[in-house]
Amino acid sequence: MSKLYFRVTPVNRYDIPALESWLEDIARRGLFLKKFRPLFCTFVKGTPRPTRYRVEPHKRILDEDLPQSMLELYRDFGWDYVDEISNSMLIFSTQDLAAPELHSDLELQGEQWNKLRRSALWSCWINVILTLALLALFLYAEFGSGSPVLALATTTAPVLGLFALCSFLFLLPDSFTDLRHLTAITRQLEAGIPLDHRTVYPKRRPQTVIAFLAPAVLLTLMIAADWILPLAGGQMEPLDRLDSFTPLSLASLEGEGFQSATRVSPEYQSSQSQVLPRSETRYVDYGNFCRRERHLLCPNQWQVVQTGEQDLSDGIWVRMEIMWYDLPGSLLAVPLAREQLDAAMELDDGIWWTSQQPGPWTTDYLPETGTDFLAVARRTGTPFQAAAAASGDKVVMVRYTGHGELADHLDEIAAMVRCR
Amino acid sequence: MGSKERGPLTEPMFYVLMSFLRRDMCGTEITEFVEQKTRGRVRLGPGTLYTLLAKFQDEGLIEETKVDGRKRTYRLTGKGWAAYREELDRLRACVADGEEEAR
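One line per chain: the protein sequences are A and B, in this order. For the first sequence, numbering that gives the first Met the number 0 begins at 0 and goes up steadily by one. For the second sequence, numbering that gives the first Met the number 0 begins at 0 and goes up steadily by one.
In short, the hints are calculated from the structure, not lab data. In this text, all values refer to a predicted model and were calculated from it rather than measured experimentally. Treat the hints with care, since some could be wrong.
Claimed, not checked - Quick list of the computed label-pair ranges, beta carbon to beta carbon:
# : chain 1 : residue 1 : chain 2 : residue 2 : range
1 : A       : 59        : B       : 59        : 22 to 32 Å
2 : B       : 37        : A       : 214       : 51 to 61 Å
3 : B       : 90        : A       : 186       : 21 to 31 Å
4 : A       : 193       : B       : 37        : 51 to 61 Å
5 : A       : 125       : B       : 102       : 55 to 65 Å
Even for Gly, the Cβ is constructed at its ideal location relative to N, Cα and C.
Could you put together the complete structure from these sequences and hints?
Now the structure itself:
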């Protein structure tokens, strides 16, 4: 098998005069096209000889065979089939100086290129629709939940955004360039001017490499974000598995007499107790657990839930939920803390139980605590409280219902985001 | 005038139809006929010839009669003959008009 040589394709596949000129120049240096690819072509070495290359439009649908009758007819005239370009064009070459040019009827040749131009026009429209769909998908992922900063940190929204951006920067301009080249060819032939086979062409086209690599990288990120990272966490675990920070304790908020509620699924308990004594069973307490999740822009996210025994005399459900985020930088930290505090203040309207007519939320911002952001909010006439803090790249949000006051535990709240 | 869908035939189209008047022909024979007939003025490239043969087959003006290895032979159909006559009449009228004005 002959040794293969690779060269980066410096021209657009539809810039026919440039493509033919480049292939002819390479052939003069003794490299003959073996396989055409938009990014790089493969060549085999041979004796340097003047070689004519011609590109012919020929749209092929999926696994349709190459048109053998066409290739045979061309061969009869001295033109050998070399390769195909993107199922839409065929490349022929000849070293026979007497071989006639492929076309002598410009009107007919123009009709053939015009078919390809119409197909490129459709591709343009499809790419416009695809780009708009990607943009809509990104906007929905980013803003649909009402927490854009959280969506940016913990969903695939940023990857979708990059996909949309990539599409705007590369896919659409590439489509328009293809269409521009094909329109120029069609118009030239319609005007009765034969196609040029010799022109100047660029030495390289770096944007093509980026345009090919960017979607591959983004697809990898998408797969990592959607299918690989979720496997690295997500299950409920006992509180002692939490190793990234020391959480604010429900016992310290509730004070003396606090009793933690153990809530274990009865089925789980009975199935486990048949095998091991209760004291040795590693069970999951769904009233007191922690859960770690990993995301692209938030490699470490913890949810910590602590629950106390319900005191039926005052009807208050003692419960605290902590959401803790470790971001890759500090840029999103304060916006995320603010957003999470706002979200926490809206939550009880929809899903939290209340025994009396709730009053308004009052929020105290506490800039003097040595953090970038710390605020505590309380709803008048209810046991609902929330706090959020940010320091450097760490963010914490606490939602609490109980008898204590979050405002009395600012140091512990701040300590959760000051840890390194 | 050519048919409404096709319009007037181009010169290569006209000569390719003409090549089938006396006998069935394959691709290279058509090219030789056209080149001889026009004394080298019209040379058919394989691209033009292939496109024309495919187009004429689609329109039912010619049909394939024999495939012998790589050699494919075609003949003119009744519709093709009518199209040729129509174009011939159009060209005659053009020439007549031109000569009348030149007198």
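Among the hints numbered above, which are violated by the structure, and what are their numbers in rising order? 4
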